[in-house]
Amino acid sequence: MEAKQYIGEGWKHAILIIGAIVVLLPFYMMVSMSLKSQQEIQSISGGLIGAQETQTFPVCVKTGYSEEECTMKPYKYNYWFAFEKAPIPRYLMNGVIVTLSIFIIQVLVALPCAYALAKLRFYGREFVFSMVLFCLLIPVHGIALPLYVMLAQAGLVDTYSALILPWTISVFGIFLMRQFFMTVPDELIDAARMDGMGEYAIVWKVMLPTAIPALLAFAIFSVVAHWNDYFWPRMVITGNRDLFTPPLGIREFRGGIDSDEFGPMMASIVTVTVPLIVAFIIAQKRFIEGITLTGMK
Amino acid sequence: MGTISLKNISKSFGSTQVLNNLNVDIQDGEFLTLVGPSGCGKSTLLRIIAGLEQQTSGDVLIDNKNVNKIRASERDLAMVFQSYALYPHLTVRRNLETPLRLRDYNAFERLPLIGNFSPNKKSKTESINQLVNKTSETLQISELLDRKPGQLSGGQRQRVALGRAMVREPVAFLMDEPLSNLDAALRVHMRSELSELHNSLKTTFVYVTHDQAEALTMSSRMAVMIDGNLLQLDTPQEVYDNPSSLSVAQFVGSPKINIFNGSSDSSGTVNFLNVNLKRKSSESNSDLHIGIRPEHLEITNNKDENTFSGTVAYRENLGSDIYFHVNIEDNSKKIIVRGLPQFTHQITNGSSVNIKRDSNKALLFNQTGMRIHFNNAMG
Numbered sequence: 001m002e003a004k005q006y007i008g009e010g011w012k013h014a015i016l017i018i019g020a021i022v023v024l025l026p027f028y029m030m031v032s033m034s035l036k037s038q039q040e041i042q043s044i045s046g047g048l049i050g051a052q053e054t055q056t057f058p059v060c061v062k063t064g065y066s067e068e069e070c071t072m073k074p075y076k077y078n079y080w081f082a083f084e085k086a087p088i089p090r091y092l093m094n095g096v097i098v099t100l101s102i103f104i105i106q107v108l109v110a111l112p113c114a115y116a117l118a119k120l121r122f123y124g125r126e127f128v129f130s131m132v133l134f135c136l137l138i139p140v141h142g143i144a145l146p147l148y149v150m151l152a153q154a155g156l157v158d159t160y161s162a163l164i165l166p167w168t169i170s171v172f173g174i175f176l177m178r179q180f181f182m183t184v185p186d187e188l189i190d191a192a193r194m195d196g197m198g199e200y201a202i203v204w205k206v207m208l209p210t211a212i213p214a215l216l217a218f219a220i221f222s223v224v225a226h227w228n229d230y231f232w233p234r235m236v237i238t239g240n241r242d243l244f245t246p247p248l249g250i251r252e253f254r255g256g257i258d259s260d261e262f263g264p265m266m267a268s269i270v271t272v273t274v275p276l277i278v279a280f281i282i283a284q285k286r287f288i289e290g291i292t293l294t295g296m297k
Numbered sequence: 298m299g300t301i302s303l304k305n306i307s308k309s310f311g312s313t314q315v316l317n318n319l320n321v322d323i324q325d326g327e328f329l330t331l332v333g334p335s336g337c338g339k340s341t342l343l344r345i346i347a348g349l350e351q352q353t354s355g356d357v358l359i360d361n362k363n364v365n366k367i368r369a370s371e372r373d374l375a376m377v378f379q380s381y382a383l384y385p386h387l388t389v390r391r392n393l394e395t396p397l398r399l400r401d402y403n404a405f406e407r408l409p410l411i412g413n414f415s416p417n418k419k420s421k422t423e424s425i426n427q428l429v430n431k432t433s434e435t436l437q438i439s440e441l442l443d444r445k446p447g448q449l450s451g452g453q454r455q456r457v458a459l460g461r462a463m464v465r466e467p468v469a470f471l472m473d474e475p476l477s478n479l480d481a482a483l484r485v486h487m488r489s490e491l492s493e494l495h496n497s498l499k500t501t502f503v504y505v506t507h508d509q510a511e512a513l514t515m516s517s518r519m520a521v522m523i524d525g526n527l528l529q530l531d532t533p534q535e536v537y538d539n540p541s542s543l544s545v546a547q548f549v550g551s552p553k554i555n556i557f558n559g560s561s562d563s564s565g566t567v568n569f570l571n572v573n574l575k576r577k578s579s580e581s582n583s584d585l586h587i588g589i590r591p592e593h594l595e596i597t598n599n600k601d602e603n604t605f606s607g608t609v610a611y612r613e614n615l616g617s618d619i620y621f622h623v624n625i626e627d628n629s630k631k632i633i634v635r636g637l638p639q640f641t642h643q644i645t646n647g648s649s650v651n652i653k654r655d656s657n658k659a660l661l662f663n664q665t666g667m668r669i670h671f672n673n674a675m676g
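Which chain is which? The protein sequence lines are A and B, in order. The first sequence begins at 1 in the numbering used here and counts up one residue at a time. The second sequence begins at 298 in the numbering used here and counts up one residue at a time.
Everything labelled a hint here was simulated from the structure, so no lab data went into it. In this text the structure is predicted, and so the values were computed from the model without any measurement. Check each hint, because a few of them may be wrong.
Claimed, not checked - Straight line, CA to CA, 25 Å or less: simulated DSS-like cross-link-like pairs of lysine-lysine: (1) B/K362 / B/K499; (2) B/K366 / A/K119; (3) B/K600 / B/K577; (4) B/K419 / A/K205; (5) A/K205 / B/K421; (6) B/K600 / B/K631; (7) B/K445 / A/K205.
Kindly generate the complete structure, drawing on both the sequences and the hints.
Next up, the structure:
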């Protein structure tokens, strides 16, 4: 009886392990390639970290460094050259500036909106809420061109504003927070009113602290989406490398005169991915709470 | 001062009329209970006093000042809610401080960090601390000040909610069923505590409850509301002894008053079951409801023309009293009779009993439920 049970459990785990491998394999490849030399990558040899033989890298020499400077172990070269070739810290900083600005403004807009939609009685509330739901259905790419034209008319192409402004009103955020606020008891709000709080004070001092789990879930959706977004920055950042976000930065390693060199490219991707993974590990517990709370995505 | 006057208050939600032209004068220092079955509009009335809800028509006067256009926060009233509604993310101390901070600090002083540079903030903070400490000592919650509401029991939360209302020393306290989330024993205990608190604060209390026992025990006057109408506003004893209508008589008192169908003849003599009342009704030749409370009925061994008989269907033992639910012939409803345990311990379910009534205790109501008085006080 017990043995049978173990076999049953074993099957489940075997299937899950296969699934996990399929999902993790690309990440394994990414890390592995960021450590190996170009030859090992192209011949698909060397296992996880390759032989790590000290060698001179021709692309590096072509770029203008001395042979001495270009002689080192592959893993060191890949990461060193990634940072030499592209201002990765600058890209990371841009990513932080853009995603944080977007998130903060989204919260500033979404919380009062969600509060009004969930707790205030006003004429046309149902209509406004149905418009919010309607906006959820519009794909971003559908309105990308008009948005671009409007930004261009305003002279904002190639600025931080172009990266941030179109995303400041998140209907998803409004919807998510509204659903959460519906569960907050009315009496709490009445109590705050009796204590002398105005409506804005209620939003920031009562609703915001009670909504932290939902807000964290939204933070992760928002930050991940905009940190990884390639489409929009590619459209509105046309020339100025100082404004590149991490995904645009990775593109620097593709093609060009020195052909594709995968080692440094993968090293830069690892660098770009790590902050998100670290953030996820830190917020993991809250994140799962938030997702089960909203039951979405 | 803390007088509250409600003048011709009506409220409707869409086409549903919730409150029907109510007039109530609440005196300074009074403990007024709004009592009625759920859905009778008593909470709505309280919220209108508080300013959380706007009346459809009529005026609210606090200390003879019309407050129709004044926001809830500026009416200087404090409210205690059924669910306590404490701020879950703040400690008990901060919960108590919140109304004071909002009242005493100006907008600049409320700012984090830079607010501390205001020259007056320090003295204000000290007076706030003093008030919080004083209140928490009165309510015996001093040792809870650093906990969060989630770590408190129901009774403790109740005290904190009271404290948050008290610190501000408001004109009046509004309480919306504050005891109904507590267990039975604690509820009875908190009743006496609330009464004591009212005696020591001498502030106006407006208290909403559906529990007529709370209304009877605590209030100086009680207002009985049913279906958005104010049916009677009087002292608890008067409401109990002299209900103005059948609905009030049925709502107040536990167990419920017994209602018999009867009639009066041309001379005004009231007859029900096989019994004639000695007192004459002021309304002759009409069908009547006769109400007699369970404690005015008694189980007796003697059978005569003033008693009626029936069989015990259910014996409800409360320790100090035993209530007998008795089936009577010719009366569709069971009637309830109180008996003292020492005299009635041998009576069990199914026993046949004779029931005697105390004289001068019957209440008369006409077919529309209005109270009818007797012509004279005799018999």
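Against the structure, the hints:
{"no.": "1", "hint": "B/K362 / B/K499", "in the structure": "21 Å, holds"}
{"no.": "2", "hint": "B/K366 / A/K119", "in the structure": "21 Å, holds"}
{"no.": "3", "hint": "B/K600 / B/K577", "in the structure": "24 Å, holds"}
{"no.": "4", "hint": "B/K419 / A/K205", "in the structure": "22 Å, holds"}
{"no.": "5", "hint": "A/K205 / B/K421", "in the structure": "21 Å, holds"}
{"no.": "6", "hint": "B/K600 / B/K631", "in the structure": "20 Å, holds"}
{"no.": "7", "hint": "B/K445 / A/K205", "in the structure": "16 Å, holds"}
When held up to the earlier numbered hints, the structure conflicts with none and fits them all.
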